[in-house]
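S.K.: Residue numbers (this note's numbering), protein chains in the order written: chain A, 1 to 155; chain B, 156 to 857.
These are computed hints drawn from the structure, not numbers from a lab.
Hints may be right or wrong, so weigh each one.
[Unchecked claim] Straight-line alpha carbon distances no greater than 20 Å define the calculated DMTMM-like cross-link-like pairs of lysine to aspartate or glutamate that follow:
| no. | chain 1 | residue 1 | chain 2 | residue 2 |
| --- | --- | --- | --- | --- |
| 1 | A | 54 | B | 563 |
| 2 | A | 14 | B | 173 |
| 3 | A | 62 | A | 93 |
| 4 | A | 62 | A | 35 |
| 5 | A | 54 | B | 523 |
| 6 | A | 62 | B | 484 |
| 7 | B | 232 | A | 140 |
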Amino acid sequence: MGIKYIFLVSRQGKLRLVKWYVTLPQKEKTKIVKEVSQLVLARRPKLCNFIEHKDTKVVYRKYASLYFVAGIDLDDNELITLEIIHRFVEVLDRYFGNVCELDLIFNFQKAYFVLDEMIMAGELQESSKKTVLRVMAQQDETEAAENAERGWGDI
Amino acid sequence: MKGLTVFIADLRKCRSREEEERRVNKELANIRTKFKDSSLNGYNRKKYVCKLVYMSLLGYDVNFGHREAVELINSSKYSEKQVGYLAVTLVVPEDSDCLRMVVGAMRRDIHDMNEFNVCLALNAIANLGAREVAEALTPDIFMQLVSSASSVFAKKKAALCLLRLLRRHPDAVNSHEWAARVIPYMGHRDIGVTMSVTSLVTALAQQYPDEMRKAGAFAVRRLKSLVIDNEYSMDYMYYKVPVPWLQIKFLRLLQYFPAPENPELRMLLLDILRHIIDVSQEPQRDLQQMNAQYSILFEAINLGIELDIDQGLMQESAVLLGKFITSRETNVRYLGLETMAHLAAYIDNLDAVKTYQGVIIQSLRDRDVSVRRRALDLLYSMCDVSNAKVIVSELLRHMAVADFALREEMALKVAILTEKYATEYSWYVDVMMRLLSLAGDHMGDEVWHRVVQVILGNEELQTYACKISLQTLKAPVCHESAFKVSAYVLGEFGHLIANTEDCAPIDQLKALQNKMPATSVSGRSVALTTIAKFINLFPEIKSLCLRILDRYRNALDAELQQRACEYYALGTLESEDLLPTVFEEMPPFPDRQSALMSRLLKKEADTEDQRTWVFGGREINRERKMQLAGRSGSASNSTPTTPTTPRPPEIPEPVSPKPSTPSVPAQQQQPVEDLAVRKSKRHYARLLWENDGILFDGDEIQ
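Construct all of the structure, not just a fragment, from the sequences and the given hints.
M.R.: This is the structure we're talking about:
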């Protein structure tokens, strides 16, 4: 089991978030992201959620205007990856409150933190929504406290 | 951070790419100046580093700011640390120098009192996976996993950290020392920890299958408590399915071990599988629940197939799968076809699968390309002697309308299938020629090389092959690869049909000549060689051949010119001895793994989880298992093993094809020795019963 990469791409092809769980040279990473986005964006709606690209399987799903794409090994369980993506979206939804693409654009670092809490090293780390949200809430509290200490000096 | 939000809003307002670039460059210059300013406070640093991360996300090349990111990590404030680590994992390449500075910071953070800092560090390590990190910090990470003082969060992350480092740098991690100690954590009451540890154990199980065997028992018991006893907190329910991810991880882990010998465990396992199958039959209401149920079901079926515990279970699965491949949901069709291919790869009796042959052939025309691909793989796996002809003809029919990406794979598979399951020589040659004409553009040279190899190896084929080659050459349109095969075959065996009607040497030469101008340089090179061979075979047309060679001596291409000159010189030599020696009949090719098979199977990487099975029939999977067993058996005793290669069977008189392998040299260890004895026995039997068994061939012995 191993997710190799996760990325979010808008309908126009703009990358909103990308996370790699394997090590590759930067050029190759950009190439793969571009190729896979093209594949995904070209798919018609009724087709199945799995494509093959070189030696990985690509699992994707469209949520409103955003495509969530994950790349997995050839012999991994595709359906469960689909559900991992769904779980991630649910957590984002609860965290941001009715999440939309703008939330992810303006708070991209928070989206990364949530992703880090849920998936690490390409495996699902924590599947309980409550736990993840609790951790995120604690992080937010700490950050707010630190900002309060700083004062209004610099913005 | 207001500055960040403003920046992002600015960039979104830009209407063109140039405007955006200008804004980005302005900001980059601004940030560069600000970084030079030594009185930069933490908050601003954090803001600027965030901006850098955003810009790299948009695709701009950001190659400064690494030092600042490291300073952020060293800060005592949590939010700054967080952003620092984020930047380091996203923007800094793995082999950069500043990573060394980071290692020190990480070590401090891992031993920190505050568990958040610990988690941050572990997170970053997992995302970075650099070599120095692995060497320096593995013991610390391991402490976090096993120490009773560490929190649940730290344990989870530590397990996954180890997994990432293990995958990336297996030698730097010294997993041998601590592998077995990880297993008890699979029984941890927190499900998050269990999940992470199970992933780690799965990776370890592939390296040390014997030591990790206890993990199997753990997995079975935990699975039982989840599935049958319903021991879990409501928090981990996913649409009425108890933590499906963990179930699947357990099922996957169990696939790497053989079936448990302990009868109690066996019964438990059977119960669990049966329960899963029953539960999935219940009606489901929403898509998510269905997906979760089905994913568990498919994994369970895969496990059942691997372990081969119970025939009844297999039959039931086959029926279920049959229902799935006709489902309206595309995902389900896709997975049904894939799992059925897995079933076909292992099951002894293919009848259950063959009942659905019609449906599967229909799926070749499915709207979705992924489903079509799976249908192709399934047809390949379920092919055997009885349905080979039907399947191959269907595939050939589809080749014309298939999309380009599929065609190459299809062609390769058709070539392999035809070779393995042909019962008559004529059929083999016909199909291969048709294949070359249909899909010649999409295949590499391996296919036509293979055809020639097979024809060379089988005397009975040669006459028929010659006839067909001549026909192909006389046809109005002849594909390049077919031309090459025909030319080669005629050059070697033209004398076999020289006496029949319409096949006189002069006819062969004329046919060859007619097609030559239309082919590429490599085709013409093969043709030149054939003409030179004709000089040797048919002295009566020697002058005609020489004339052709003479013309080509002035050819523009260097290869053609060289060949023509050399052959011409050979043909006009005074002494008659050199020519026959040079053009003596080609011996059959020595045994090696079919290039086609190796091309098909070459997709296995080392650091990912091993495939437990590959597409293809039973024999291929069994051979593969023995190969892997031999390899791992010798790896632990550190003695080199010569890998056993499956030998493609020649088209035999007795119909059932059996892969036979050359006898393995004597310096093997005990477990593999029986294998060698069995194989040499098989070989010996072939020598007795078939008159084409070849024990040794080389240039001296024909």
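S.K.: Honestly, which of those hints from before does the structure not fit?
M.R.: Per hint list: zero violations.
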